[in-house]
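Trainee: Take a look at the letters that make up each chain.
There are 2 protein chains.
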Amino acid sequence: MSDAHLPFDTAFLDRLADVAIGTGLNLQPGQQLVLTGAAETLPLVRRIAVAAYKAGASVVTPILSDEEITRARYMHGHYECFDAAPAWLFAGMGQAYEANAARLHVSSENPMALSDMDPAKVGRASKANAIAYKPALEKISSFAINWSIISYPGRAWAKLVFPDLSDDEAQAALAKALFAASRVDVPDPVAAWAEHNAALATRRDWLNEQDFAALHFTGSGTDLTVGLADGHLWSGGAAKAKNGITCNPNIPTEEVFTTPHAARVNGTARASKPLSHQGSLIENIEVTFENGRITKASASRGEEVFRKLIATDDGAARLGEVALVPHASPISESGLLFYNTLYDENAACHIALGQCYKDCLIDADGISDEALDARGGNSSLIHVDWMIGSAETDIDGITQNGDRVAVFRAGNWTD
Amino acid sequence: MSDAHLPFDTAFLDRLADVAIGTGLNLQPGQQLVLTGAAETLPLVRRIAVAAYKAGASVVTPILSDEEITRARYMHGHYECFDAAPAWLFAGMGQAYEANAARLHVSSENPMALSDMDPAKVGRASKANAIAYKPALEKISSFAINWSIISYPGRAWAKLVFPDLSDDEAQAALAKALFAASRVDVPDPVAAWAEHNAALATRRDWLNEQDFAALHFTGSGTDLTVGLADGHLWSGGAAKAKNGITCNPNIPTEEVFTTPHAARVNGTARASKPLSHQGSLIENIEVTFENGRITKASASRGEEVFRKLIATDDGAARLGEVALVPHASPISESGLLFYNTLYDENAACHIALGQCYKDCLIDADGISDEALDARGGNSSLIHVDWMIGSAETDIDGITQNGDRVAVFRAGNWTD
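These protein sequence lines are chains A and B, in that order. Residues 1 to 415 in my numbering are what the first sequence lists, from first letter to last. Residues 1 to 415 in my numbering are what the second sequence lists, from first letter to last.
So that you can see chain A by itself, here it is in the shape it has in the complex (with noise of 0.2 Å):
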């Protein structure tokens, strides 16, 4: 399993584990590192392993996922089986979380590996992971610990964005893409994330300052008023974990986001790209909210795996997340479809179903439920993201008082 067959130059793995481990992470000595991805992605796990080691982690757990095992399960599980899920592992990631390990996901699924599998085992499948691993993903989601995202050009998802590529140029030129946007392929990746978080914090403190009530979003089949949460918080780009440690949860970033109110969305919206959610495509979903909630719901293409996400539960149909990104920004001047949200949704203004992040709320710490819920901020076991942005967005912001300031203006901010 060496790297010789690896169509792309090596290096720019380096220099990836180094800005995960670095500007990702910000791993702080004697910390553990829970390491997830698929067994692909090993050329990059190794590397980020040498990176962690010696920024002084204590010990570095590769949690490694194999898609020919996922579908093993769909193909030849029992009926019984797709209520169960591995809750102990799930279990001991929260432990882990708790005694303030870090942790990194590399992603670089093949966004079609359940495409062809039965919608309703893949659902069920699905919930049972979602309630097994909650205690885990709140302490992500309440940004516990510090944590953060990477990607990894793997072979069937190159094949997905480059179709009439062979496996290996495909490959190489989705390792090209990653690497730009990930911003390892210029001299020195470390200052230019130093850059490029201070251009988003001054984005983030604008509208911190704003304190909008809701943004109105048109354009490309939207129509939607997005109410924001009382006492809601613009985040982007750097941000400190509650451990103390500034990271960077996503690589790449272009958003900013913050916590919509649950009972407050309005509206129409219109999907502009693809979602890919757990193996299966979704395309042109169209919705329309009713004082918060999914009250109509279409798509044309994976329609039953998103009428059964947005079942999940009652926060499943409720907005936890609004972001805006400029359609001039890197990843979207790419023109590349990666059919993959991390990418995708900095590619794009986009929205999120479920829950909320309540570090995107003033005061919010320790917050009860019936608190979090009174300033709008909604609760689920999913969270998932889709891009509702596109050339022809327009954006106004709504103030407390009822006036209108522009935003955004045909794709991108106004200034």
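Note that these hints are calculated values from the structure, not bench results. Any given hint could turn out to be false.
For chains that are exact copies, the list does not tell them apart, and a pair is met inside one copy or across any two.
Below, a list of computed lysine-lysine pairs in the DSSO-like style, where the Cα atoms sit at most 30 Å apart [said to hold, decoys possible]:
| hint | residue 1 | residue 2 |
| --- | --- | --- |
| 1 | 121 | 159 |
| 2 | 121 | 54 |
| 3 | 308 | 54 |
Given chain A's structure and the hints, the job is docking chain B onto it.
Mentor: Quick look at chain B alone, frame taken from chain A:
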């Protein structure tokens, strides 16, 4: 990561997967499976997942390790890190076994993986791991659940066994030897295993009828009297775990074994084969036991690792297992040194330092530490087998009234 590169017929992997799930684990519908092994073993791990799901597994969770990641820690880890362990993962495993998950390990490790690393670091990390792993290990050693170990022909391991062959030739040769020893090179592996289990059961039952007070080993530098625990039980081949499932914990297996008396071992023992322990090779071990405890120890190679091993705790210098294997066993007759306990222990009579198998004691269910100790059952964080048998080994059974019964002569059963 296709199988096209493998220099052996992968149909044997399908059979090995079937034997692992059917005979090794006897996996029952609804059981979860904790599946550990190196990432290199994926071609077999994937087939095991298929066989497991066909048998009704609810969830198969692969926990894949990687030699390069393990080595990265010793090469780059800070001084403090080696006293840490992934306790969260082991706690999770313990929880899985508590909930009746089965456990399968696929062994492929290069026994020399850590031989060039600092033995002090290896020793500290081993001890930290052993302490953290103890709650999960107890579920295995007390036979609470069905578990098994099988092997995969890893490339680095193959080069060690066949240093004069090319990489591909070595892997093919090791594959052939493993498939033969695992009885998957016959038309009906499951029937072959049933016959073999019956033969081992005959030996086991005879030894249990004899109820020897001790065994006296002589030959090849060994003159050792191994007292047996009060109310010891011999085991071998298939056995019923406490969850009611009859399984074969080792594939292959040629041994019948029991619990010695931790305070009644006297004399000298010389290792008849090198001991490969957590990446280090320990050669020509010679020890003297007095009243059960090692009082002198030497080795021509790896002596420091061995000394650290037996200093892990008080029980680490006492015996927890004694096992009888005829020199005429198939693995012994292959003439190969596998540098792997699972194989080499099935080529020769052996003893194990450390934790005893409570399952090799009559009425030991829920036995207190004090009662276990009183009967001679040893307790330790470790359990490490090493070989003392050879073509020269004679064994006398010493009955409760002091008579001698010939058990082995010149390395084989007397009958």
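Trainee: Looking back at the numbered hints, which does the structure fail to meet, lowest number first?
Mentor: Those not satisfied: there are none.
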